[in-house]
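K.L.:
Listed below are the residues making up each chain.
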Amino acid sequence: MRAIRKLASVAVAGVLAMTVASCAESDRGEGGEGGGEGEETTFTFGAAGAPEMFDPLYATDGETFRVTRQMFEGLLGIKPGSAEVVPELATEWTSNEEGTEWTFTLRDDVTFHDGEPFNAEAVCANFERMFDQNEAGQVAAEYWGYVMGGFANAPEDSLYQGCEASDEYEAMVTISRATSGFPTMLTLESLSMQSPKAMEEGDANGIATEGEGFSFPDYAQNPQGTGPFKFVEYDQATGAIELETNDDYWGEAPASDKLVFRVIPDESTRRQELEAGSIDGYDLPNPADWPGLEEGGNQVEVRDPFNIFYLGLNPEANPQLKDLKVRQALYYALDRDQLVSTQLPEGAQVATQFMPSTVSGYNSELQPYAYDPDKAKQLLKEAGAEGMTLTFAYPTEVSRPYMPDPQQLYEALRTNLEAVGIRVDVKTASWNGGYLDNVTAGKYDAYLLGWTGDYDAAFNFVGTFFGNLKENDFGTEVMPWGKQLADDLQAADAIVDEDERAAEFERINQQIMEEYLPGLPISHSPPALVVGGDVEGVIPSPLTAEEFDTVSVGGR
Amino acid sequence: MVRFIVRRLMQMAVVLAVLSILLFLWLKALPGGPVSAILGERATPARRAALETALGLDQPVYVQYSRFITRALQGDFGASTGVLPGEDAFQVFLIRLPATVELSFFAILVAIALGIPLGYFAAKRHGSPLDSGAVVLSLIGVAVPVFFTAFLLKYFVAVEWNLLPVSGRQDPGLEATRVTGFFVLDGLLTREWDAAWDAIKHLILPTLALATIPFAVIFRITRAAVLDTLDADYVRTAEAKGLTASVIRRRHVLRNAMLPVVTTIGLQVGGLLAGAILTETVFSFPGIGDALAQSYREKDYAVLQVLVLAAAAIFVIVNLLVDIAYAVIDPRIRTR
Chain W
0 MRAIRKLASV AVAGVLAMTV ASCAESDRGE GGEGGGEGEE TTFTFGAAGA PEMFDPLYAT
60 DGETFRVTRQ MFEGLLGIKP GSAEVVPELA TEWTSNEEGT EWTFTLRDDV TFHDGEPFNA
120 EAVCANFERM FDQNEAGQVA AEYWGYVMGG FANAPEDSLY QGCEASDEYE AMVTISRATS
180 GFPTMLTLES LSMQSPKAME EGDANGIATE GEGFSFPDYA QNPQGTGPFK FVEYDQATGA
240 IELETNDDYW GEAPASDKLV FRVIPDESTR RQELEAGSID GYDLPNPADW PGLEEGGNQV
300 EVRDPFNIFY LGLNPEANPQ LKDLKVRQAL YYALDRDQLV STQLPEGAQV ATQFMPSTVS
360 GYNSELQPYA YDPDKAKQLL KEAGAEGMTL TFAYPTEVSR PYMPDPQQLY EALRTNLEAV
420 GIRVDVKTAS WNGGYLDNVT AGKYDAYLLG WTGDYDAAFN FVGTFFGNLK ENDFGTEVMP
480 WGKQLADDLQ AADAIVDEDE RAAEFERINQ QIMEEYLPGL PISHSPPALV VGGDVEGVIP
540 SPLTAEEFDT VSVGGR
Chain U
0 MVRFIVRRLM QMAVVLAVLS ILLFLWLKAL PGGPVSAILG ERATPARRAA LETALGLDQP
60 VYVQYSRFIT RALQGDFGAS TGVLPGEDAF QVFLIRLPAT VELSFFAILV AIALGIPLGY
120 FAAKRHGSPL DSGAVVLSLI GVAVPVFFTA FLLKYFVAVE WNLLPVSGRQ DPGLEATRVT
180 GFFVLDGLLT REWDAAWDAI KHLILPTLAL ATIPFAVIFR ITRAAVLDTL DADYVRTAEA
240 KGLTASVIRR RHVLRNAMLP VVTTIGLQVG GLLAGAILTE TVFSFPGIGD ALAQSYREKD
300 YAVLQVLVLA AAAIFVIVNL LVDIAYAVID PRIRTR
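Residue numbers (numbering that gives the first Met the number 0), protein chains in the order written: chain W, 0 to 555; chain U, 0 to 335.
What the hints contain is simulated information worked out from the structure, not anything from laboratory work.
A quick note: this is a predicted structure, and the numbers were derived from the prediction, not measured.
For each residue, glycine too, the CB sits at the ideal point set by N, CA and C.
Don't take each hint at face value.
As the list claims (entries may be wrong) - Chain U side only, calculated, beta carbon under 10 Å to chain W, not exhaustive:
| id | residue |
| --- | --- |
| 1 | Val13 |
| 2 | Arg41 |
| 3 | Val82 |
| 4 | Val91 |
| 5 | Lys123 |
| 6 | Tyr154 |
| 7 | Asp170 |
| 8 | Glu191 |
As the list claims (entries may be wrong) - Looking from chain U toward chain W, a few residues come up when the C-beta cut is under 7 Å (computed):
| id | residue |
| --- | --- |
| 9 | Pro33 |
| 10 | Ala42 |
| 11 | Ala49 |
| 12 | Leu54 |
| 13 | Gln73 |
| 14 | Gly77 |
| 15 | Ala78 |
| 16 | Ser79 |
| 17 | Ile94 |
| 18 | Thr176 |
| 19 | Ala301 |
Just chain W, same shape as in the assembly (with noise of 0.2 Å):
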């Protein structure tokens, strides 16, 4: 009897591995990959989190975007290592005396992944497609509706007014109104062209929510750009992502045949896999592990800083920091020096305004506000606000281009505060888990924060910061010069002149500084991103924008 079980049991199993077998086959192409046709050469790139999706419209975290940017091109480009704008699927653009209509001559050789012509029906099918949002869509086009304000159910709220294909390689864009981020705000991932057809046959705007999310349309997950390098598969359950070659790309090839993305959440991990050979390279290394993996042998590419990192200040929350000389009290206190120094990366620059000297607009006048603790103290002494107690607030669990390790640089900025005498009452929040809440809803007295530019333009800096009077995290709207200063940047940002928009955005930023002092700038600090000594062509870039079609792996 008991044999009799046994026997069946064994039968059972047999038959239902073999009818599994059987329905399992290999998808392996005949002959196999590794080896046989020639030598295949692979950038593996070791990613902190997993994409949103591959659809850039859609897009908001650098995890995305780094993939994305191999895959699409935009109608203006970036020229490599710098922040500078450069034709890249249009050749040339103009704009008539008002600025509001935008002619661009398009290139002629040009073809989609899918095989579809790029010609100014399809730039105005692109612009009309990333106008026209269902009201998800609204939200997750995040940087449309940063960009342009608006979408098609709003049209009064919106910079794009429509487009027109003029000639067959000829497309003109109107906007509602001047602003120095037209056309620049083109170079901007998320405003890449992507292949009509493909859009409307994989539902491109069927994008809906799903309980607290986004659930995206199919197209968001096979995406047809022009650019270097077409997608292949994303491997959800390896957090792998493959791309490879697109053999008619109008430029040239790029230097590696495939690039491989794949998801590594922890830092340590990362490096453990570049130190092991298994990636080449991974972004934003820790500051502290850079000589560390310089004497491994590794290449730590040190991009210019484009950012700024500032110790914001709200009024709102704490009267006495209306007064211009409490403002300017806390200033002279910080040893913004000794900051750069130990505390930041090499490179590390102390501010002398809200943006970065790369960015038109600088004021290379200024100097930066020096290290005097006595001056400090007189000056808090004037405003009477001796021994004041200001609530003083960093992020945790978060490490950003501008701030690597938010802590540290609390802690110095608290010794100087104190060493004035100021009591600093410490806050403390994780960047998700309530802190960016608490900043723009005005909690604290002074915080940690910072920007990283998104397209070189003035503009994109202090007018984010102080551009709308009624929500901005300095509450600008309780000082008497808000409003002017909101009035300033808007008037300056629709000159037309380049050189004119530049002059008004340099005397403004001196005003910013003496007169106004809405914030503490404190200092630029270049991101980084590290690579195996193999690896060649990496050209880092101020935006962390690097585009991997030059790079390769030697001997490999």
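Since the structure of chain W is provided, determine the placement of chain U on it from the hints.
P.N.:
Below, chain U without anything else, positioned relative to chain W:
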């Protein structure tokens, strides 16, 4: 038996319902959330409000909960915002589950394969150097935190000596075919031997790290249980009857000693998830544990909810299976 199982399943439903409410309230009470995670530095009150409205976060908590539970009962748990953005949270669970099952399976297998024989021989040679050595080993297994074991293994074996992979489940360059989601099995089924071997290589270190605690516990329980039964009257009787040593071992000692061991194994399987969170995080092994840690860090509430509820369900089901296994081993329980 059937009635017993049905009753237990109904208990499980109640447990899950209560847990889902507590979990929901707890998550809502936490500061911050997905809006901050999505907007970052670009957050302004207006943009924040627009996103909150779009995601329904501006509704009262009970409305949010009733929406959540209504959708959940239809199999829609909300989209992930951090772990695998855009994917339904339950889908995230399904994508990540095989990794953890595979890892836990091998870990418990190693723990049993080492723990039971070692425990048996340690008891048989009570007081011998083998016994003392094994006891010390098991004490270390229990005392050293899993993440530390994992970290040491990773640092020396993978990073310093470069013998095994540092992290992940499989080399993406292999282009392995996916059938079941269990990579070792997939490799065997499709005869992609290199893929199976690569998956095994990725499993070795996490398996060893995760196996330490169950190994130690199983070893100690086996040893104690065998010591007990060796002293039992029926064993002495069996010896007196002149039964061969192997029959005594199989029928009388091991079978009786196995009862507490099976319970222990069951509990250990349920507890593996706790160890898996640490092990998977250290090795960036893309399973449930890693997803759980990541979803908490990135405020991916949809995934967090599904994973916690699933973990609770798995724990209850494993316990039920243990009870059934009990009934199989011990006929006295069946009749009750």
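K.L.:
I'd like to know which numbered hints this structure contradicts. Please list them from smallest to largest.
P.N.:
1, 5, 13
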